[in-house]
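Visitor: Use these hints to put chain F onto chain P, whose structure you have.
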Amino acid sequence: MASLGELERSVMTLLWDSEHPLSANEVCEQLDEDLAVTTVLTVLARLEKKGMVLRERSSRPHRYAAVASREEHTVEMLNEVLGTVPDREAVLARFIGSVSESEAAALRRILG
Amino acid sequence: MEFLALFLAALAVLLAIPVPKILHTASFRGRSPWAAMVLWQAIALAGGLSMVGAPIVYGLSPFGDSLPHALSSAVQLTLSEDYETLGQLEVHPWHIFALCLGLFLGGHLLLTLARTYFRVLGARRRHRQLVDLLSTPLPNTVDDADTQVIEHETPLAYCLPGRTNASSVTVLSRGLLNTLSQPELGAVVAHEQTHLRQRHHLLTMAFEAWYRALPWLPTNRYGRDAVLELTEMLADDGALTRYSPETLLRSLALSSAQTPPHDDGPASAPQLDNDVPGTSNTLITGARLQRLLAPKEPLGKLAVLGVVAGSAALLAVPTGLLLLS
Chain P
261 MASLGELERS VMTLLWDSEH PLSANEVCEQ LDEDLAVTTV LTVLARLEKK GMVLRERSSR
321 PHRYAAVASR EEHTVEMLNE VLGTVPDREA VLARFIGSVS ESEAAALRRI LG
Chain F
3 MEFLALFLAA LAVLLAIPVP KILHTASFRG RSPWAAMVLW QAIALAGGLS MVGAPIVYGL
63 SPFGDSLPHA LSSAVQLTLS EDYETLGQLE VHPWHIFALC LGLFLGGHLL LTLARTYFRV
123 LGARRRHRQL VDLLSTPLPN TVDDADTQVI EHETPLAYCL PGRTNASSVT VLSRGLLNTL
183 SQPELGAVVA HEQTHLRQRH HLLTMAFEAW YRALPWLPTN RYGRDAVLEL TEMLADDGAL
243 TRYSPETLLR SLALSSAQTP PHDDGPASAP QLDNDVPGTS NTLITGARLQ RLLAPKEPLG
303 KLAVLGVVAG SAALLAVPTG LLLLS
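Residue numbers (this note's numbering), protein chains in the order written: chain P, 261 to 372; chain F, 3 to 327.
Quick caveat, the hints were computed from the structure, so don't treat them as lab data. Computed from a prediction, not measured in an experiment: that's the story for all the values here. Treat the hints loosely; a few may be bogus.
Distance windows between CB atoms, simulated [unchecked claim]: (1) F:Leu295 <-> P:Arg315: 52 to 58 Å; (2) P:Leu371 <-> F:Leu103: 52 to 58 Å; (3) F:Gly109 <-> P:Val335: 36 to 42 Å.
All C-beta atoms in this analysis are idealised placements derived from N, C-alpha and C, irrespective of residue type, glycine included.
Just chain P, with the same shape it has in the complex:
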């Protein structure tokens, strides 16, 4: 059986690729793995707590949608890494950044 982390990934992928919000039953059907709906509900609840998934409470059964697209989350991550947000001192030690663009250009010329 897949770990919770892997399940979260597959559920998120499903929601990102889906054009409209999905109910837990629909998620369960579309996942390849043979899972109980309760397990899917647990995974969805975890993702909601992490702020990745929005639950639509107006309908019955509740439907779930991704808060932001995959691309938007990637940009959010990169902004943290590239230091364009004030809260960047998560000290994600960076390989780049300590070399300025002009130095890198000079380096490229030296190395040929």
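Guide: Just chain F now, with coordinates in the frame of chain P:
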């Protein structure tokens, strides 16, 4: 006690202003980054200790001849509300002011450190969640360390420290994988894993907090920047145990490009061609690149021993004076 307070104040000023200014450009840091790292950590600790210690020692000076004695008698007299004895001690308002200043400064430093620690921890946890959901593991990695790939064209590599080495992760972008050759990529991963293995995020944390706590102290920036640079040098050294300086330099040159190197606009191209060959070396001022381009002899054993002994003395002097004198 007054003399001790004066000495600590002088030490605090010395360690806060001229020493970082001189040290952050000292050339020996490129020859033995870890010795320089030990020295910086000692300076930060000794500087903080004397900065907080000086006003406290002065404030408590009417209460006794040594800090432990003065502290216990001050607490006892206050608790027993022995105003008669207190009145005979000639406690000047300045003493009370200094004591408050010292306690405030110490509390401020500790609180900022704690706040920075928890903020950074939270930011890392959030970031880690995104990495877990968005990235795919890099196939056939060199060793069993966790290396993940995110789908983005910016050439990028970084590491995200976890509680243990096993829960730390190195993240590479698709753009980097497309730009670098296999050995260059290996050098990048080795660099990041040295950051994680040597827990560099812990070495920089105090300096980050220190900088945040006293942003008006201009020399604080020197310490933070110097320590960040040293962690990069140490990580480079880790990569150099398995890869050549050329490979590392090449990967640095390529991954630093915010735009792909072949995308030089027509406007910038002629300027580049006009450069006299050989002058480009002067453009590289960063000590980190200098030591990769033209490696210098590592610092001698005796010199390293001197730096480490100096660091130990730096720490021992204020601590010893506070506790024993």
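Visitor: Regarding Leu371 of chain P and Leu103 of chain F, is the given constraint of 52 to 58 Å on their beta-carbon distance met?
Guide: holds, 54 Å
Visitor: Look at the Cβ atoms of Leu295 of chain F and Arg315 of chain P and judge whether their distance stays inside 52 to 58 Å.
Guide: holds, 56 Å
Visitor: Mind checking the hinted window 36 to 42 Å against the Cβ distance between Gly109 of chain F and Val335 of chain P?
Guide: At 39 Å between Cβs, range holds.
The structure fails none of the hints (numbered hints given earlier).
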